[in-house]
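Sequence lines, in order, name chains R and Z.
Numbering of the first sequence is given in numbering that gives the first Met the number 0, commencing with residue 0 and proceeding in unit increments.
Numbering of the second sequence is given in numbering that gives the first Met the number 0, commencing with residue 0 and proceeding in unit increments.
Rather than coming from a laboratory, the hints here were simulated on the basis of the structure.
Everything numeric in this text was worked out from a predicted model, so none of it was measured.
Careful, some of the hints might be misleading.
[Unchecked claim] One-sided excerpt, in silico: chain R residues whose CB lies under 7 Å from chain Z:
id, residue
1, K190
2, A192
3, T194
4, G198
[What the hints assert, rightly or not] Sample of chain R residues with no beta-carbon within 12 Å of chain Z, all distances over it, derived:
id, residue
5, V24
6, P32
7, Q37
8, G56
9, I158
10, A185
11, R204
12, R238
13, K323
14, K326
15, D387
The C-beta atom is built at its ideal place from N, Cα and C for all residues, glycine as well.
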Amino acid sequence: MKKRYLGLAVLAALAMGAEAQNKGVIKIASQTPLSGGQSKLGVAISNGVRLAVDDEGKLITSLGFRLEYAPFDDQAKAEQGVANANRMINDGDILGVVGHLNSGVAIPSSEVYARVSLPAVSPANTNPLVTDRKSTVNVMSRICGRDDVQGPAGADYVIDTLKAKKIYVINDKTAYGEGLAAAFAARAKAKGASTTEIGIEASERDFATILNRAVAEKPDVVYYAGIYDQAGPLLKQMRARSINVPFVGGDGLDGSDLQALGGSMKNVFFTTTAVPLSSLPAARGFAQRYNSKFNVAAEGYAAYGYDAARVIIRAIAAAAKGNKNNKPSRESVAAEVRKVKFQGITGAISFNNRGDLPVAKYVIVAAQDNYDDNKVSKIVSVAAPTPDLK
Amino acid sequence: MSAELFFGLLAPTIVDGLSIGLMYAVIALGYTMVYGVLEFINFAHSEIFMVGAVIGVELLTAVLIPTGLHPVFQLIIAIVVAAGAAGILAVAVERFAYRPLRVRNAPKLVPLISAIGMSLLLIDVMRLILNPANPNRPFPSGGSFDFFTQTINLGFVSINYKTMTVFVVVMLMLAGLVYLVNYTNLGRGIRAVAQDQSTSSLMGINVSNIIVITFFIGGALGGVAGVLYALKYGVASPVMGFIPGLKAFTAAVLGGIGSIPGAVVGGIILGLLETFAGTYLPLMTNDQIGTEYKDIVAFGLLIVILIFKPAGLLGKAVAEKV
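With the hints as extra help, turn the sequences into a complete structure.
So, in structure tokens, the structure goes:
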């Protein structure tokens, strides 16, 4: 069995070598957590990129290059992301990055990419600062929404639809959690609700202290800005203390581990910028091919990983054509990223001058006990705000 | 802060502080017993705890739930198996990573480094076994396991069955350990080896056996704590051992490392300190100092205690053995 695969690989390599006409290798890299508690979302993105390289790699290989995919594991840790980024900028074949999952990792890593103008397209980073920094404004783009829209969208839902007046706001002390919680609380207060704002380290699993207080304060809604690997145990411990009010969060709750770790999904809602595949008609074929290739259902940001990689592939191809079909510079690829325009499986993709989608979709999802049954309760399209660069 | 809120939170805070503190205490016993006989910190102990938790959860999910037994019996079986497996693992770690160093008279820092290496190795091996892409294992919930989500209302405080289970199991284990160490021949052997290895061996005690048994008991206690931790917090994962392990080690030092009652006292004090800090600091500072600072406050107080009692609360300052 093994030998046969080896033989196939050699054949494939020979075939590619013949096609490559010695113009060299072009690599597309990705940076997401491939190990650790958040790896489910990270692996989904990486799988999406792999599928895009398979599907559209010919845009690059037809110009005579060999295309390779280099997945990096940032372990959801800023220091690992930066270390990987330093390795990437020293590999001249890497012309584009898909990443990251965590804003707290994307922000410091993109400072490294910016040193050599290596473009990165984020499938999932919603913190406003990902695209709002002067230092990285030319290299960092994203095909998802922003927390300064996602947070307020969540607050509108909590106050208008769930009729909450007293909200307990918990964040996980990461760039993502703090940013999202702040945007949520600001809108909630502006709409007249009262909030108690609490931070808790992302590695904490004992929520006795904050939950005892929630029992005493009797909030109408608990809002949590963080990731599902903490949200699950938090939700379970909350329900064990008979706090049965709605539990609402951001896109960090969009993963089937929330169901596995959190128990019953009664009264659980989250906002996300990742429209579920079931609500993306264009993604139906993608979901099937993903399933047959990786033997697991596509979830979370998988389709966004796919579209982000397609942006990079198109930009590289366009830059190479502009360079007389020779290997393009990273600067030219970064410039081409902003000119990319196509109908992706996640929606229409194009960028404003700082790398945001001009209009992004935001979804409110009612979680169900089975992840695949998660119900979209509302989809809104909101134009990207453009605050001053920092 | 209103007095009503202050007093309303008092009872639940004490209950939660005690329950996490008792868990630290049980883990701390593993550190302190090994230190007692070998004067060496077994940093792989936090991973023995993790392995116990994972084995307990996997056993429940894959084998015991389909049997349809009463959840209490299922939990008892899981705890016993996890304790045995964790004990055996601890003995294996001793046999392959520490004993070869000891018989070659390596300096005391050397086994410490192997212990850290062992700890990393166990984390990654477990990650591989569990599937690195999705290593979280939820503790069973729903169905018959809803039994553990019930609560007993004592009037001033309501306690759920999970917390009650932690109290009961920990108390039973502590009682058993006290009996074993103080009232049996084996316990006398452990105490003798802790006092002076060469003299005990002259008195006919098999020192190597005592060391193996100490590792087994410490590991088994860690395994039980692992299952209880997974029950209370709802999830087992390869990286779960680090923080409770670090805190239990701290508790052992606070109580006086090498002292069994010290580990229990240290665990309870640390648990109460951090729970009180986490609950009351934000309330007293009007949310200027948040719950996330609870560890800083707890560990800050710890430094102060150790300044005044450098050997720990119940430890004795002893001269270096010559």
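Hint by hint, here is what the structure shows:
no. : hint : result
1   : K190 : violated, 20 Å
2   : A192 : violated, 16 Å
3   : T194 : violated, 10 Å
4   : G198 : holds, 5 Å
5   : V24  : holds, 27 Å
6   : P32  : violated, 10 Å
7   : Q37  : violated, 10 Å
8   : G56  : holds, 24 Å
9   : I158 : holds, 21 Å
10  : A185 : holds, 16 Å
11  : R204 : violated, 5 Å
12  : R238 : violated, 7 Å
13  : K323 : holds, 42 Å
14  : K326 : holds, 34 Å
15  : D387 : holds, 29 Å
When each numbered hint is compared with the structure, violations occur for hints 1, 2, 3, 6, 7, 11, 12.
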